Structures are given as C-alpha cells and as structure tokens.
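Given the coordinates of chain A, work out where chain B should sit on it, guided by the hints.
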Amino acid sequence: MATSLTPPPQGAKTRIKPPGTLYRGREGMWSWVMHRISGVLIFFFLFVHVLDTATVRISPEVYDGVIAQYKNPVMGLGESGLVGAVVFHALNGVRIILVDFWGKGTRHQRAMFWTVVGLWVAIMVPFLVRHLTIVFTH
Amino acid sequence: MSAPEQTPGADYSPALEAPRSPYRRNRSTRTNWELYGWLFMRMSGLALIVLVFGHLFVNLMTGEGIHQVDWGFVAGKWASPFWQTWDLLMLWLAMLHGANGVRTVINDYAERDATRFWLKMALYLATVVVIVVGTLVIFTFDPCSSPAHQFSFCAPVDDVPTVTSPGS
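Residue numbers (the numbering used here), protein chains in the order written: chain A, 1 to 138; chain B, 1 to 168.
Calculated directly from the structure, the hints in this document are not laboratory data. Since we're looking at a predicted model, the values are computed, not measured. For every residue, glycine included, the Cβ atom is placed at its ideal position computed from N, Cα and C. There could be a bad hint or two in this list.
Stated by the list, open to error - Partial list, computed: chain A residues near chain B (C-beta under 10 Å):
{"#": "1", "residue": "25"}
{"#": "2", "residue": "75"}
{"#": "3", "residue": "131"}
Here chain A stands alone, though its shape is the one from the complex (with noise of 0.2 Å):
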C-alpha cells in the first residue's frame, strides 16, 4: 500500500513494530475515523427517520404502527447506539472546532480527545440508565 515515511529499523532484532507517526494509529487518526463512521450512520438513520414521521401525515394508526417498531427492546438497544453516535459526533465536533479556531488546539487536541470521551462516558451512562429502564420495563 502506501509507502512509509519512517526509515527502516536499523536492527530488525532491536525494533520490531515501527515507530508510527504524531497522527496514525493515535488519538487523532481514531477520532477521525469514529467522527466518519458515527456521522456516516447518523446520516443514514436520519433518511429513515423523516420518512417513518412524514407517515404522520398518512393517518394516526398508521404513524402508530410504525413508530411502535421503535418501541421494542431490540430497537431500544438500537437507539442507545444511535445516541451513543450523536453524543460523540458532538462532542469530536466541537473539538474539531477547537483545534480550527483555538490558538491552543493543537495543542491540545490529545487532552481534548480523552476529555471527549469522559464527557461521553459522562453523558451516556445517566442516558442509558433512564432510556434502557423505560424500554425494558415498560
């Protein structure tokens, strides 16, 4: 594949796994590649999810009816992952945002990963609680 810009290892015995880079395999590459996976997947519920409320205008027993597919407990775990996507498309985004516009982004950007993912953490288990209670005990 691509050609690697980091020299060969001087002794093959001495390093075994190349040094990497500031960027691949670290924070900053796995962000970028949740922020696409997660906006990739929001995107394609969003279709589904204005055209399964646009039957609101058909007739109440048929919006009921297909908004009670959501209600059930598999969708319900489908949903804490959809969440789970939003919540941390958000917070990379404003990240994302911080490293453009923020003097000290750069800088930052690692600290400001791990604090997405606290944030994240922080945000979905109370949502997960609440949610998951009143899907599976309703």
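What follows is chain B alone, placed relative to chain A:
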C-alpha cells in the same frame, strides 16, 4: 450546488495562455465554495448540538420516553410554531450537514470519476427528496385532522361561527 468538479467526459486540459500573460492566482473557475462548506459544517454543527440534544431529551427522557411517542404526541408538538420551527431547522441543517459529510466521504473513497459523479448525484437527489418531503409534512400537517385525537385547541365543528345568519 457544487463547486466545479470533475465531470466525466469533460475536458480538463488547461487553456494555453498567450506568452507573457500575467499569472492569475484567482482564476474565474475558482470560488470559495469549499471554504463556505467548511464553515457551514462548524456553524450548523454547533446549532445541531442544541437542536438534536433538545429533541432527544424531550422525546426520549421526559414522560414515558420512547413509549410516549405516538401520533397524538407529534400532533401536540406540531400544534406549536415553536416545535414546528425547531424541527424545520433541525431537518434542514441536519440534512445539509449530513449530505456534505457524505459528499466528503464519497470524494475520498470513490476513485473513478464516473462512480464519484453518480454516487454524488444519487446523494443530492435523495437529500432534496427528504428535505422537500419533511418540509411539506411539517407545513401541511393538521393536528386536528383525526376525530380520535381532539385537542382543546381544536374547535368543535358546531362552534364554528357562520356568517350566513347575522341576526341570530
């Protein structure tokens, strides 16, 4: 909608300039379109944080969460211009933000000109259809259209004042 991009079959060989013609950095074919797109992703992203988190909180966290969502719930929300405006803004910003994001993904991974072109055409078509359908639904929805769901703001048919009997 898009900046000048490679379309299949088009001729991209640069025109041969006259000798000693001055170098023009800003050619007429180059615009700031991608800069505005970059800025739009950040501005709409900030707005969507408020819009989407508000949407998720009201629909999934309050009341009975996902189990409260039915036709009557939507009708109750869309009887108010506040939620109509909220959802309309969210629809447009999220669709444009998402479509521009997927456009970037297509540009990155679809290497053949024709593949890239047709994937983006399909994306633009689907995006326009969803935005138009969603907008029409928000504006043409009548929360009083169902006899089974009568809200206090839906005036009963008997109470509609008539102009045919001014004396009574």
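Checked hints:
1. 25: 19 Å, violated
2. 75: 9 Å, holds
3. 131: Since the shortest Cβ distance to chain B is 6 Å, the answer is holds.
Hint check: a violation occurs at hint 1 only; the rest are consistent with the structure.
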